[in-house]
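Number of protein chains: 2
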Amino acid sequence: MLFKLLLISILLGALKANADPLPSWHDGEARTRIIDFVTNVTTPGEAYVPPAERIAVFDNDGTLWAEQPLYFQLQFALDRVPAVVADNPALAKTPPFNSVLKHDREAMAAFGHKEIAQILLQTHSGMTTDEFADVVNAWIDTARHPGTDRPYTEMVYQPMLELLAFLQLSGFKTYIVSGGGVAFMRTFSERVYGIPPEQVIGSSVQVEYTEVEGQPRLIRKPGLSFIDDKEGKPVAINLHIGRIPILAFGNSDGDLQMLKWADRCGENCLIGIVHHNDAEREWAYDRDSHIGRLDKALDAAGERRWLVVDMKSDWLTVFPR
Amino acid sequence: MLFKLLLISILLGALKANADPLPSWHDGEARTRIIDFVTNVTTPGEAYVPPAERIAVFDNDGTLWAEQPLYFQLQFALDRVPAVVADNPALAKTPPFNSVLKHDREAMAAFGHKEIAQILLQTHSGMTTDEFADVVNAWIDTARHPGTDRPYTEMVYQPMLELLAFLQLSGFKTYIVSGGGVAFMRTFSERVYGIPPEQVIGSSVQVEYTEVEGQPRLIRKPGLSFIDDKEGKPVAINLHIGRIPILAFGNSDGDLQMLKWADRCGENCLIGIVHHNDAEREWAYDRDSHIGRLDKALDAAGERRWLVVDMKSDWLTVFPR
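Quick note, the sequences are listed as chains A and E, same order. When the letters of the first sequence are read in order and numbered with this note's numbering, they come out as residues 1 to 321. When the letters of the second sequence are read in order and numbered with this note's numbering, they come out as residues 322 to 642.
Just so you know, these hints were derived from the structure itself, not from any lab. Each hint should be verified, as a subset may be incorrect.
Stated by the list, open to error - With a cut-off of at most 30 Å between alpha-carbon atoms, the simulated DSS-like pairs for lysine-lysine come out as follows: (1) E:Lys551 - E:Lys414; (2) E:Lys542 - A:Lys296; (3) A:Lys221 - A:Lys102; (4) E:Lys542 - A:Lys221; (5) E:Lys435 - A:Lys221; (6) A:Lys230 - E:Lys542; (7) E:Lys542 - A:Lys114; (8) A:Lys221 - E:Lys551; (9) E:Lys435 - E:Lys617.
What the hints assert, rightly or not - Far from chain A, some chain E residues (derived; all Cβ distances over 12 Å): (10) Glu436; (11) Gln520; (12) Ile522; (13) Asp631; (14) Thr638.
Glycine residues also receive a C-beta, built at the ideal position from the N, C-alpha and C atoms.
Work out the full structure, taking the sequences as your base and the hints as a guide.
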């Protein structure tokens, strides 16, 4: 009898713990809508969705981890410029690489799409896929965010980590669908987000198959293959997943088409936007921002009753402690 | 689906009873090598592979289902020509569509890559992704193989269905990696092979995002986006999965690069080729065949000790009864 009571109290404790799967979320509307949605689609009834169809998609930059003062992958590219120039000395005197080498902040601030694309392509190519993974791993293990001095893999949002784990434990297949490079994100997606490589969808460079002494190699080339942003996101979801997600989270206009694509199931889907309005603990930016502009998608959120997560008031914690 | 569930429940029973998981395979070297491999990678020890890394890739045409007298998807395209011409009457007098409409066998036999590509693109585009799935479903539910009068979904290989189910029950994630169209294969991959849409990789047409009265649509365009054949297969495996498979099966030179790509793990991987040498129960063709030519990959199989499955002697049954 004593044992039985003990077991019941342990189980009750577990149930209680299960009742709050989102400890870093303020006990308000956002948390309630998420828990209600997950409860509804996992409980037999009208809104029930079989596990195989529980597809959840998340943007990465600004949705799962921070994106200020500049996209972390762009910081990786800038950090890699010296190594690329060492391999190809002619670049030392060529724009935009010369400005990066000289830390010419004025010139760098004036970089447009063309210069950034040049830097991204040169620093992300010219080696095998295995070698690139090694290069990214070496960077991510040592690089630190200029503002917080934390490793970039700790610049992730604790409430979103809890949401990912909650969904994974509830039978969801969680995907990243990001404008970031797929090979870049795969180096940390599994250990940081619990998202395996086959569930990471992103932008990609051209990759060429070749053989060296009969051994196959995949070589990354300095050309874009796919940009997984805006209209590209639903296209990529269709190509890679072939199902319509029932949950989608983004934070910027680059996610608008993905959010609309997932918003096709009435009460049986949840569409969310992370709104950066916490200048004290993170950053505050939306309609006028150069990085992560949130303008049209914020209007759409109002019209379509999407869940706008207010970082300042909905999140008790922003980054992992 | 019912058939698949039945097969899995029979196999579960067989595994539980310690019986043969591959009842349609002759008790010979092929069956032994498969069972030894699966046992080794799932049993704690030197060859053990964690479930997350148990990736198995299969070609489709000629590996999981038949491909004679012509690729089934090409038959679908030919069957769809009248509907395409009805929508676009100008095509009725234009080659190669006029030859198809007139059933001009001589002209059709002379079709080259250009004519076949034209027919494939015109019959696979000009509608939304949802509409295309409906069109394929309607065809696959009614069309019959010209030689056997069976539905195409019954022109699958019973021993390969057993292998797929055996791997799935052993913690493998099974993928199709085929030159066939990804949207075409997804209509039946789950119910026939137990392979969900997100684990189907194939060739694809260009897809364009648009909105009609605020509702998102993906429109299939008459242009190729990716050919998942030869060098394309390792490229696609890297892009979609991001891991190196530990088991790969193909049947033709179009699979050679994929088989080499997977053949990187010594005793811990299994590379197999289905050899069509059974003119009585299926078809017999290899080095000189127009469809499914198996020449260089057969040489490689000998050099690299890949498993060549001899359809005639290794399989007790070819098609499901």
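Hint check:
Taking the CA atoms of E:Lys551 and E:Lys414, the gap is near 35 Å; set against the 30 Å cutoff, the hint is violated. Annotation: proposed proximity of E:Lys542 to A:Lys296 holds, straight-line Cα distance about 27 Å (limit 30 Å). Note on A:Lys221 and A:Lys102: the hinted pairing holds, with a Cα-Cα distance of about 26 Å set against a maximum of 30 Å. The suggested pairing of E:Lys542 with A:Lys221 holds, with an alpha-carbon distance near 27 Å, which does not exceed 30 Å.
The straight-line distance between the Cα atoms of E:Lys435 and A:Lys221 is roughly 29 Å, inside the 30 Å bound, and the hint therefore holds. A distance of roughly 19 Å separates the Cα atoms of A:Lys230 and E:Lys542; the hinted pair therefore holds under the 30 Å criterion. With a C-alpha separation of about 29 Å, the suggested pairing of E:Lys542 with A:Lys114 holds against the 30 Å cut-off. Distance check on the hinted pair: A:Lys221 and E:Lys551 sit about 19 Å apart at the alpha-carbon level, within 30 Å; holds.
Taking the CA atoms of E:Lys435 and E:Lys617, the gap is about 25 Å. The hint holds against a cut of 30 Å. Here E:Glu436 stays apart from chain A, with its beta-carbon at least about 27 Å from theirs, past the 12 Å limit. Residue-level check failed: E:Gln520 sits 8 Å from the nearest beta carbon of chain A, not beyond 12 Å. A beta-carbon of chain A is positioned within 12 Å of the beta-carbon of E:Ile522; the least distance is around 9 Å.
For E:Asp631, the condition that its CB be more than 12 Å from all CB atoms of chain A holds, with the nearest at approximately 26 Å. Chain A leaves E:Thr638 outside its interface by the beta-carbon criterion, the shortest separation being 29 Å against a cut-off of 12 Å.
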